[in-house]
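The residues making up each chain are set out below.
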Amino acid sequence: MAQHIVSRRQHIVPVRTYLVVFAALMVMLVLTVAAAQFDLGVFNVVIALTIAVCKALLIVLYFMHVRYSSRLAWVFAGAGFFWLGIMIGLTLSDYFSRGWFPIPPGPLDHPITPP
Amino acid sequence: MPTRRRTHTPIHRRGPPVSESHAAVAHQFDDPEQQHESSYLGMWVFLATEVLFLGGLFASYSVYRFTYPEAFTAASRHLFMWLGAVNTAVLLCSSLTMALAVHAAQRGRRGRLIGFLIATMLLGLMFLGIKATEYYLEYQEHLVPLKGFIFAYEGPDPRKAELFFNFYFAMTGLHALHVIIGVGIVGLMAVLAWRNRFSAQYSTPVELGGMFWHFVDIVWVFLFPLLYLVG
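In order, the protein sequences belong to chains A and B.
Residue 1176 is where the first sequence ends in the working numbering, and the numbering goes up by one at each step.
Residue 223 is where the second sequence ends in the working numbering, and the numbering goes up by one at each step.
A portion of the hints provided could be inaccurate.
[Stated by the list, open to error] On the chain A side, residues computed to face chain B include the following (Cβ under 7 Å):
id	residue
1	1073
2	1077
3	1078
4	1079
5	1083
6	1084
7	1088
8	1093
9	1104
10	1122
11	1124
12	1125
13	1139
14	1140
15	1146
16	1149
Because the hints were derived from the structure by calculation, they are not lab data.
All C-beta atoms in this analysis are idealised placements derived from N, C-alpha and C, irrespective of residue type, glycine included.
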């Protein structure tokens, strides 16, 4: 069978881009560890997860070449994470809506004691 | 026909146009770009299955983290956060060396490719060594909730803490298994590169192996704050 031999023009990401992305990732690692040293209540999780998502985005876009890929590749790359979002989002909202997580007692929960 | 990016890549950023026999395009594809695209998309499909596979553990961990917040926070303090942070840095370095390996493969630089692949493997093994050290320290502190091990937790909720440690060992253990597989794949790439299987026209397996390695790094990027930096 005939196989036509053709060269492929590919997009080669410059080394400098990789180094800049790596530096940004290390900076974010320092930020994550530093932010965890302070007690910010519920925002600890929010900050940690936000930084983690930013790191993952940088790795996916630059190291895994998604930024330089076709739109179809964007769809394929995003699909797994989109479905993960559905799983975690709907699972957690299921638990929350049934009241199965401990909710701290509010002012109305205290019984009224007679004077 | 899948839609492809039509932006113009500057001439100095493209590979050389010299054609060789192993740049042949399989007959079901129109051109090498389509062949590469289908490999790339296929790898993303596999990574999507992996995301959902490990995501199941993340989902159930999230549920129990919200159910027993104080117990999980207290149990998390027994982990060795600084070792975990160093491991995160090690994996980020390994992703850099892996990306540089793919870059070298695209430029047809065989020596550099093999060098960067070996560097990636060494960093992966360093990660596994630090992880093993952590596991050994946790074993010494009686925090391993497996059959045959003593689990002795001094704290208010030992049963809930035991659940946390079950999650910790399951998630990091499964991740470590992926690192071991990744080191094997990168090693295989190094052997194939040594045997001249890759060129500037054909480096797709290196790129796909790199994608697996970056995925393993991404999983750890989420594991580290969720397990080690609780509260």
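Hints, one by one, checked against the model:
no.	hint	verdict
1	1073	holds, 5 Å
2	1077	violated, 11 Å
3	1078	violated, 9 Å
4	1079	holds, 5 Å
5	1083	holds, 4 Å
6	1084	violated, 10 Å
7	1088	violated, 11 Å
8	1093	holds, 6 Å
9	1104	violated, 11 Å
10	1122	violated, 11 Å
11	1124	holds, 5 Å
12	1125	holds, 5 Å
13	1139	violated, 9 Å
14	1140	holds, 6 Å
15	1146	violated, 9 Å
16	1149	holds, 5 Å
Checked against the numbered hints given earlier, the structure breaks hints 2, 3, 6, 7, 9, 10, 13, 15 and satisfies all the rest.
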